[in-house]
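Let the hints inform the model, and build the full structure from the sequences given.
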Amino acid sequence: MFSAWYHENRKTTLGWLEHLHQFPEVGFEETETAAFAAGVLRQHGYDVACGIGGTGIVATLHGMAADEPHSRTIAFRAELDALPMTEKTGLGYASTRPGKFHGCGHDGHTVVALTAAAYLAGRRNLEGTVRFIFQPAEELLTGARAMLADGLFERFPCDEIYALHNLPGLPAGTVGVPATAALASADDINVTLRAKGSHGSMPHTGTDAIAAAAHFVTSVQQAATRVIDARDAGVISFGVFRGGTVRNVLPDEVRLEGTMRTTSTSARTRLEGLLRNAAKATELLFDVQMDCSVEKVAPVTVNDPDCVAAVHEAAARVVGSENVLGNARSLMASEDFSELCARVPGAYFFIGQSGQMPHHPEYVFDPGVIPIGAAIFADLAQQRTSRKLGLRPAH
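Numbered according to the working numbering, the sequence shown spans residues 1 to 395.
Treat the hints as calculated values from the structure; they're not laboratory data. Misleading hints may appear alongside valid ones.
As the list claims (entries may be wrong) - Estimated spans, in silico, between C-beta atoms of each pair: (1) Leu14 <-> Arg226: 45 to 55 angstroms; (2) Thr96 <-> Met1: 33 to 43 angstroms; (3) Leu14 <-> Arg155: 12 to 22 angstroms; (4) Glu295 <-> Leu14: 39 to 49 angstroms; (5) Glu68 <-> Thr192: 56 to 66 angstroms.
Where is the CB? At the ideal position from N, CA and C, for every residue including glycine.
Listed below in structure tokens is the structure:
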């Protein structure tokens, strides 16, 4: 039924995509994007609440048995924000805003959710309640927390929550569903190293901050493979190494900035401990002072087994079981959907497409993802709100 409906409404959904792509807005500035989505949702009879966590939206559709004791509520999350970068795709509907670009496909994800919402609005057999959550500032990894702080699940409780992402590199038309960890945690590392500066010809008269910082970075990289389980994934990378202004003067301060990604809580804890121990060892070895802080940004995105099974079943009905990749590999990228599924059972899955990876200036969202993602969302909504499943306590 969905395929026939989509065939009739395809031009409309592609129009939504082209409009959103031309007018991108970055995190917490998605006022026009949110207004556009809210307008579409209201046209289809949804109860729409705006301004959740800034520019977030929650749209609710009640099914025929929504008021019954065993009624269930299922939610779907889509992202609103674009990236602060310049588009180089050459599309006829390219960004009209310099330095702003939907280079991760969030415009497409929003359209997937709007398409599923439009389809479900006309289904008389929907039993429970469906919510569509449109989140701001995913790229900042702070939008989910903003919505939670605004009482997201207290005001709009749900029993399960789902989200998806397009994934170049995964064959087009296939669906990947990680069994446990879908995405890695994200932590920011900030290091300040203080030393006694000296002339480069006489390093013995001071302490060498640059040598100490280099030792710290390489020792952490070496030791990381020895402190976490080889079956887990974890990586520490430093992208900023800032110190010194003159070639023959050893500076008295060096600053490092890096990121830590892991796919398990235990690996996250072990690597954080490694950073602190390496800082202490470097202090002793080089006679310097170090401040090493780890700021937790987003936890691991952990899929719920029951929700994973539900996505498998829904995806198989949409693309065929041969195109559903069971136990797909985790990605070391991070997502603040993790904050939502840490509170409500959920699942995060991928839909394959061709082309450049997200965050590349020539990245193009494949419109072929829309009918697959929307059909899976719609199938999940109809199956998971069934009274036959019983009630799973809301979080």
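These are the hints, each one checked on the structure:
| no. | hint | verdict |
| --- | --- | --- |
| 1 | Leu14 <-> Arg226: 45 to 55 angstroms | holds, 51 angstroms |
| 2 | Thr96 <-> Met1: 33 to 43 angstroms | holds, 37 angstroms |
| 3 | Leu14 <-> Arg155: 12 to 22 angstroms | violated, 33 angstroms |
| 4 | Glu295 <-> Leu14: 39 to 49 angstroms | holds, 40 angstroms |
| 5 | Glu68 <-> Thr192: 56 to 66 angstroms | holds, 59 angstroms |
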